[in-house]
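Trainee: Listed below, chain by chain, are the residues.
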Amino acid sequence: MHSPDNSQLLPGTLFMLILRCLSRGPLHGYAIARHIQEASKNGLQIEDGSLYPALNRMLVKGWVTAEWGVSENNRRARFYSLTREGRKQLESETAEFDKLVRSIQLVMRSA
Amino acid sequence: MSMLSEWKNILGHFSRHRRFDADLDDEIRFHLETRAAELQASGLSRSDALTQSRREFGSVARASEESRGAWQILWLEDLVSDLRHTLRAFRGNPAFALTAVLSLALGIGGTTAIYTALEAVLWKPLPVEDPNSLVTLSISRDKRVVETDLPAAFVSRLRTSRIFAGLAVNTGDGLSFSYDGRAERIVGESVASDFFDVLGVPAILGQNFTPDVRGGRWAAEAVLSYDFWQRRFGGDPTVIGRTIRLNTYPFTIVGVTPRSFFGLTRGTNYELRIPILPEGQEIAQINQISGKPEQWFGVVARLKRGITVAQSQAAADAEFQEFLRTTPPQRLRIARLGHLRISPFARGYDEYVLPFYAPLLLLLILVSILLVIACSNVATMLLARAAARAREFAVRISIGAGRLRLIRQLLAESILLSFLGGGLGVAVAYWAGDVLFHFLPQGHISIAIDLRPDTRALLFTLTLSLVTGLVFGLAPALEATRGCLAIALKTDTASAPSDGRGTRIRKILVASQVAFSLVLLIAAGIFARTLSDLRPADFRCNPDHILLFTLKPQPEIYSNERKLGLTAELIRRVSALPGVEAAALAESGPLGSRLESEEVQVPGHDTFRAGSDRVTPGFFDSVGIPRIAGRDFDARDKPGSPLVVIINQALARSLFPNQNPVGRTLRIPSGKQDGDYVIVGVVADARYYDVHKKPQPFLWLSMGQNAPYMPTLHVRTNTPDTATTIAEVRREFDLLDKGFPVFNVRTMAARIEDSLASERMVANLSGAFGVLALVLAAVGLYGVLAYSVSRRNREIGIRMALGAKSGEVLWLVAREAFALVGAGSVAGLVFAIAASRLLIHYVAGVSSIDPAIITSCIFGMLVVAAAAVSLPAIRGCRVDPVAALRHDG
Numbered sequence: 001m002h003s004p005d006n007s008q009l010l011p012g013t014l015f016m017l018i019l020r021c022l023s024r025g026p027l028h029g030y031a032i033a034r035h036i037q038e039a040s041k042n043g044l045q046i047e048d049g050s051l052y053p054a055l056n057r058m059l060v061k062g063w064v065t066a067e068w069g070v071s072e073n074n075r076r077a078r079f080y081s082l083t084r085e086g087r088k089q090l091e092s093e094t095a096e097f098d099k100l101v102r103s104i105q106l107v108m109r110s111a
Numbered sequence: 001m002s003m004l005s006e007w008k009n010i011l012g013h014f015s016r017h018r019r020f021d022a023d024l025d026d027e028i029r030f031h032l033e034t035r036a037a038e039l040q041a042s043g044l045s046r047s048d049a050l051t052q053s054r055r056e057f058g059s060v061a062r063a064s065e066e067s068r069g070a071w072q073i074l075w076l077e078d079l080v081s082d083l084r085h086t087l088r089a090f091r092g093n094p095a096f097a098l099t100a101v102l103s104l105a106l107g108i109g110g111t112t113a114i115y116t117a118l119e120a121v122l123w124k125p126l127p128v129e130d131p132n133s134l135v136t137l138s139i140s141r142d143k144r145v146v147e148t149d150l151p152a153a154f155v156s157r158l159r160t161s162r163i164f165a166g167l168a169v170n171t172g173d174g175l176s177f178s179y180d181g182r183a184e185r186i187v188g189e190s191v192a193s194d195f196f197d198v199l200g201v202p203a204i205l206g207q208n209f210t211p212d213v214r215g216g217r218w219a220a221e222a223v224l225s226y227d228f229w230q231r232r233f234g235g236d237p238t239v240i241g242r243t244i245r246l247n248t249y250p251f252t253i254v255g256v257t258p259r260s261f262f263g264l265t266r267g268t269n270y271e272l273r274i275p276i277l278p279e280g281q282e283i284a285q286i287n288q289i290s291g292k293p294e295q296w297f298g299v300v301a302r303l304k305r306g307i308t309v310a311q312s313q314a315a316a317d318a319e320f321q322e323f324l325r326t327t328p329p330q331r332l333r334i335a336r337l338g339h340l341r342i343s344p345f346a347r348g349y350d351e352y353v354l355p356f357y358a359p360l361l362l363l364l365i366l367v368s369i370l371l372v373i374a375c376s377n378v379a380t381m382l383l384a385r386a387a388a389r390a391r392e393f394a395v396r397i398s399i400g401a402g403r404l405r406l407i408r409q410l411l412a413e414s415i416l417l418s419f420l421g422g423g424l425g426v427a428v429a430y431w432a433g434d435v436l437f438h439f440l441p442q443g444h445i446s447i448a449i450d451l452r453p454d455t456r457a458l459l460f461t462l463t464l465s466l467v468t469g470l471v472f473g474l475a476p477a478l479e480a481t482r483g484c485l486a487i488a489l490k491t492d493t494a495s496a497p498s499d500g501r502g503t504r505i506r507k508i509l510v511a512s513q514v515a516f517s518l519v520l521l522i523a524a525g526i527f528a529r530t531l532s533d534l535r536p537a538d539f540r541c542n543p544d545h546i547l548l549f550t551l552k553p554q555p556e557i558y559s560n561e562r563k564l565g566l567t568a569e570l571i572r573r574v575s576a577l578p579g580v581e582a583a584a585l586a587e588s589g590p591l592g593s594r595l596e597s598e599e600v601q602v603p604g605h606d607t608f609r610a611g612s613d614r615v616t617p618g619f620f621d622s623v624g625i626p627r628i629a630g631r632d633f634d635a636r637d638k639p640g641s642p643l644v645v646i647i648n649q650a651l652a653r654s655l656f657p658n659q660n661p662v663g664r665t666l667r668i669p670s671g672k673q674d675g676d677y678v679i680v681g682v683v684a685d686a687r688y689y690d691v692h693k694k695p696q697p698f699l700w701l702s703m704g705q706n707a708p709y710m711p712t713l714h715v716r717t718n719t720p721d722t723a724t725t726i727a728e729v730r731r732e733f734d735l736l737d738k739g740f741p742v743f744n745v746r747t748m749a750a751r752i753e754d755s756l757a758s759e760r761m762v763a764n765l766s767g768a769f770g771v772l773a774l775v776l777a778a779v780g781l782y783g784v785l786a787y788s789v790s791r792r793n794r795e796i797g798i799r800m801a802l803g804a805k806s807g808e809v810l811w812l813v814a815r816e817a818f819a820l821v822g823a824g825s826v827a828g829l830v831f832a833i834a835a836s837r838l839l840i841h842y843v844a845g846v847s848s849i850d851p852a853i854i855t856s857c858i859f860g861m862l863v864v865a866a867a868a869v870s871l872p873a874i875r876g877c878r879v880d881p882v883a884a885l886r887h888d889g
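Chains as they are written, first to last, in this note's numbering: chain A, 1 to 111; chain B, 1 to 889.
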């Protein structure tokens, strides 16, 4: 599978970020993008467009489901929500990620 | 996340594929516009906001392309390109593709046809609702079934007991059907009025009895079977409401059953169904629907939900014992009944088709061997192609094509071949179904089964094609891509010296083709011998010249005296026809498929059971059974005169060893024909009832003393023009009395063939398989040798340049061929001998393997092999040394 150009991100991290955003409830694509921007205090340079291939791949994997609904500005929007599979995935990825960061930190501090 | 659920998601996606693009566009537009609106609110101009929003989004085209890509299955596109590539390759070498597809079509089609027959004969469930909840009721004594029918009085008791969810009551018998002034004999089934409701069979036209009849008010209604409706009424939808006559009684057509519904008896397709009369009522013309309590019926029951066979058996048997206790035994000939037995019935009554089961299984084994030969044939060809393409593959691997990708492409090729073969095989199967049908007996008991492949059979074909494609494609694919890159690139294929592994595999395949075809040939020989051993030689006249006419003077219409008078007159008139040498009636006659037997007592002997028949004077001369001693029946043997009997030698030997039995007396102690009989004659032994069994003790009673029921007129002619004689005899029937339905008109030869139907089917089909196998083996042999000659072109050229004679070159090529044929033959012979031992053990009446069969099969094999070898060998001799030496690759 092709991977979107998120050279800044560690591979697979975008999935984890999206899963995290959705863990508090269904959101549409734009809201996910804004949420990631704001939460990271604009620290992550992610093209908004790269969100959509990722979302579709997550639909294939069954981590999220999508449903059309009405947005806060009264427009038709597609809302994504976590499935049970997705929640499990988020837990394991978070754990993995924490371990990775801790390990890197250990190496960085040891010098 | 498992692969499976990912697949499910993707498949779900495909179902809404149309909407996907529009949805994605909507979603992206929503994103861009919402962002722009936000930026606008923070003070940007409309156009700046839009530009900014687009910049943050990145390439819309890439986002949608990649989103779409998430759902795409890459290999599907690869597959399409593989197939396109393969088709191009086939077009480049049509002879290869055609041979392969034809071999596979024969193998797959033959297998499908036999499988379809097995399905139709036995495996397919009954064409009714939930056949698994059906059971059949019979009566057993000492753990043996003694009656498959139940007395009507007990059936009505069973109905009120409500042990079962429903009872499908039925009985079948011949009827004289007339419509439009044309009469014919049909077989109708008398059924209880709720028969179709219990089985859950809807009418496709009209209704399966009107609500009145189903509610218990009898009316003369008939429901036609689909086939009879098509045959007799041309499928006319306006038949509903028309009047037909059954045994002269008028009935109204009310419905037509579905095409798939053949009833409860496999191998039959009754023409129509009529309702049984309510208890106590009867009509004189049709005995089989009478509501008399003495009537006996077949009973199929539907179990109540949640009730087991054992539970219902216990309940029903308790009811039966109570019935036996309260019913006077002499009224219902129930003195010898024991218990009620309940058995599963999902497959229906199968006694007509059961004789074909083992032969069909045998044929399935044989045709599978044929399929294996076809597969190995195609594998041989693929290996040859792979060897020729070794360089191409090596190059492709070297420029980075994965081995898996190449294997997949080769597999796509073989699976495409097998699917093409399978597709053509379906046509072969349809055709073969017709052929198979001709082997089924169409006499007194005609077997009617639908041999067209149905969905189940087509599914079977599909699976079979896929499996065969994988089987014969995998080895060549692995072999072709295994090759060591450097060697394949360096050596040019035309002069490769080494006997590669691929060549070795091909030789083994060809030798095994030879072996398997020899096995099939020997099997065909054994079955042909079995068939000819069974054709009876006991009858001293040409069975083609004995004509048979079965007639049924309905007992409801003709009294016994009238029947005797009319049949005597009939015989007198028919005997006087030109070309007729003798004519006589027999109740059953040789191989008449109805067996009666009598207990026989003679002082100083245990009671003895012998087969029996009733005949008129001149019968033995009509069918060519030699009379040994005493006299034939004659005009003296009338009702009231002393009872007489004629016995065969087997019975004479067991009752009166080494004595003259003529003039002695034997006693038949029970039955309708009980009494003391004087033996007036002895006739030679003949296989009389069952052609497969050695002659059994048998006795004949005089039809003059026992009126006929459904006799057959045996007419011996001296002219080969049987059609004229048949027409003349039919005219005599009409002149005498139009009320005698005559049916089942055929020659004795045809009756003999019918009784050998399954043996004939096995013998002819195994013969056909043997010939096909031989052809396939010859094609395989030719392929291997032609390839080997073309590869050894240069070697042959050098040998010839050094002075080798063409004879030596011929030997060079032929030696290779005969080594293959020899090895294959030895293996096949060993296998065939072992298999024939097993066969004799499992299949009754099969002749044993003998040297004549073996030598003729091996001889046939050698002739065909020689033909296959001659072409490449001659080509070898014609090699031009100069051209061969110059030629390089």
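Worth flagging that the hints you see were computed from the coordinates, not collected in a lab.
Quick caveat, the model's predicted, so the values are computed rather than measured.
Do not take every clue at face value.
[To be verified] Per the computed footprint, the stretches of chain A lying under chain B, defined by three or more beta-carbons under 8 Å from a beta-carbon of chain B, are: (1) 23-31; (2) 42-49; (3) 56-67.
C-beta: ideal position from N, C-alpha, C; glycine also.
Trainee: Indicate, hint by hint, whether the structure satisfies it.
Mentor: Do the hints match the structure? See the list:
| no. | hint | in the structure |
| --- | --- | --- |
| 1 | 23-31 | holds (count 3) |
| 2 | 42-49 | holds (count 3) |
| 3 | 56-67 | holds (count 7) |
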